[in-house]
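Once you've looked at the hints, dock chain P against the given chain A.
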Amino acid sequence: MISHTVKLVTPLLAVLLSACGGFGSMHQNDAAAFSNDLADAAVMGKWARSCALCHINGEAGAPVVGDSAEWQRRLAQGEALILRHVIEGYNSMPPLGYCMACEESDFRAMIGFMARTSE
Amino acid sequence: MKELTRRKFLASSVRATMFGAYALNETAFAQTTRWSNWSGGQTCQPRGRYDISSEDELARLLKTTSGPIRPIGSGHSFSPLVPTDGHLVVIDQLSGILDHDNDTLQATIGAGSRLGDLGEPLESIGQGMFNLPDIDRQTLAGATATGTHGTGLGLQCLSSYITSLRLITVAGDVMDIDASDADLFDAVRVNVGALGVVTQIRLQNRKSYKLKKREWAAPTEDILANFDELAASHRHFEIFPLVYSDYSLVLAIDESDEPIGQTIFPPGEEVSLAAVRELNADATPLERLTRNNAVGANIQTTEAVDVSYKLLSNLRNNRFNEMEYSVPITAGAECVREILKTIYDQAIEVGFPLEYRYVSGDDPWLSMAYGTEPHATISIHRTASQDYKPYFDIIEPIFWKYGGRPHWGKLHSLGNKELAQLYPRFRDFMEIRESMDPRGRMVNQHLRRLFIG
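These protein sequences, in sequence, are chains A and P.
Residue numbering for the first sequence follows the numbering used here, beginning at 1 and increasing consecutively.
Residue numbering for the second sequence follows the numbering used here, beginning at 1 and increasing consecutively.
Source of the hints: derived by calculation from the structure; they are not laboratory data.
Keep in mind that the hints are not guaranteed to be accurate.
[Said to hold, decoys possible] Chain A is nowhere near these chain P residues, computed Cβ spacing over 10 Å in every case:
#1 Ile72
#2 Pro80
#3 Asp85
#4 Leu88
#5 Asp92
#6 Lys207
#7 Asp246
#8 Ala252
#9 Pro438
[Stated by the list, open to error] Computed, partial: chain P to chain A, Cβ under 10 Å:
#10 Arg49
#11 Asp51
#12 Ser54
#13 Ser74
#14 Val82
Positions of the beta carbon are idealized from the N, C-alpha and C atoms, including for glycine.
For reference, chain A alone in the conformation it holds in the complex (with noise of 0.2 Å):
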C-alpha cells in the first residue's frame, strides 16, 4: 500500500484543493476568433462568457472546438441528452455551463456552433 501512497503528492493535493485554473480570463479573448461564427452576437456573449471557459482549451476533460472526432461522437448521442447534460450538468461540467443567463434555445445554438467549428 505504501508503495503506492507515496506517489500520492500531487493528485491527492489536487483533489482536496482541486484547480483547473491557470488560463485566467483567456477565454474571452480567444473567443473572438469565433465570433463570426454564430450569426447571433447576444448568444456569442453568453457563449464567451461561459462555456469558452473549458471549451477552448478543454479543461475538466470538455470537448474543444475544433476537435471534429469528438464533437461527432458526441452529436451521435443526441441533441436531447446533450441538452439535457448542459441543463443538469454533467461530469466536471456544472448545471447551464455557468451561463445564468441562458435558455434552452441558446444551448441549442452554442452547441450547433461548437459542433459546426469543428468540420
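Leaving out everything else, chain P in the frame of chain A:
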C-alpha cells in the same frame, strides 16, 4: 488494482445524477430553462431571466416591472439564495475594469465580473486584490454579497476592501454608496442580494505581487497546538484536516520575490487515488485511520511561486456542497477536534477533509468575522452526488455549540431569531432591508426566513 490518472480521478469522483425528475408548471413556464446552482443542490423554475446589458436598462426594468426578482452571480452559493418563481436578474455583462487610480491603487469593477477574470487585467494596471477565496468563478457581486473571504489572520473578507459601490434599488433608483453613508455602507457591503442590485464596485487593491505557496502534511494535533503562531507568521495559513486520520494537509503562502515556478514531479506520479478510495469503501473507522495515516505520513512537500491571483484561488472541477461557520479563534481547535471525533465515532461516510483557517475581524455588519477579533472558519464538504443533509445535520449543532456564525453562501439552517444573537447588527440590517424593499420583491423563501421570519 485499477489505476487512474489525476484528471480521470477528478472526473470519476463527481459522476452523479444531479437531479431527479422535476415537475414543470407546464405551459406558463415552458419557455424558460430551469435554473440550478453549481452543485445542483438548489434548483428553481423561474418565470424568466433578465439578461442585463447596462445600468440604465436595469434601472428602467426595475421601475417598470413588478413581481419577485433575485439577482444572480455565477450560481456558486450552496444555500438557497437564488431560487425564485419570479425573474432572475443576470448581470454578467456588467463586467471588466471600468476605471482605476494609479495613486490610490483603487479600481472600479463591473460587479458581474468573475473573480477569475480579474487577476490578469488588474495585473496589467499594476494592481492585485489583497486576497481571494479558493474558488474564483463567483462574480464580484456574489462574492461580496455573501461575505466571501480568503485566508489570513491579517486579511479581511473581500467586502471589507470595497471603498464604494453602486446599487440600483428595487425602485430603480441609482445610489452610489461609500463610507460617508455610514450604516448603509456597512449594511450593503454584505447584503445577501436583499437590498437591490449592485452593478459596480470600487475596490482598494495593492501593488501587484507574487506569492510562494508551500504545501505539506503534518500531524493535526501538532499544527493545532501552534496554530496561532503559524497563522501569525504566514500571510496565509490553513489546514485541511483529513478525516479518519491524525494528519492534515497544510498550506502556507507568503509574499515572494523568487522566480515563478513550481515543484516538478517525475512522470508516473499520477496514480492510484482510486486505490485508497476502494480500500476505504468498506473499511472500519480504525482501518481507515491506519490507511489514511500511512498516506499522510508519506505526502511530500510541494512549492510554487506565481503572481498572487494564480496561487490564491482556483477553478473547482469536483463539485460538492459545503457548510461553513466561523467561531472565535479561541474555540476553533476544539471545534475541529469535536467534528473529527464525531465523524470517526459515528462512522460518517465522508472522504472530504475539513478546512480550517483564520480571518481578520472586520466591519460589514453581516460578515461572519464582524467585530474587532479575528475568527476561525471551519468548512465541511460533501460530494455533490451524495445527500449532504444527514452529514451536515450531525455536524451543524457542533458549530452552534461554539458560537458559530454561518457563511451566507453556504448551507445552514438558522433563522433570524438565532442569527440576531450571532450578528450584533443583524436587526439593524433587517430594518434597512425593510426600508429599501418594503414589499419584499427581492425576498425569496430563504431570505424570508433570514430577514422576516
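Of all the hints numbered above, which does this structure not satisfy? Sort the numbers upward.
Violated: hints 1, 4, 5 and 12.
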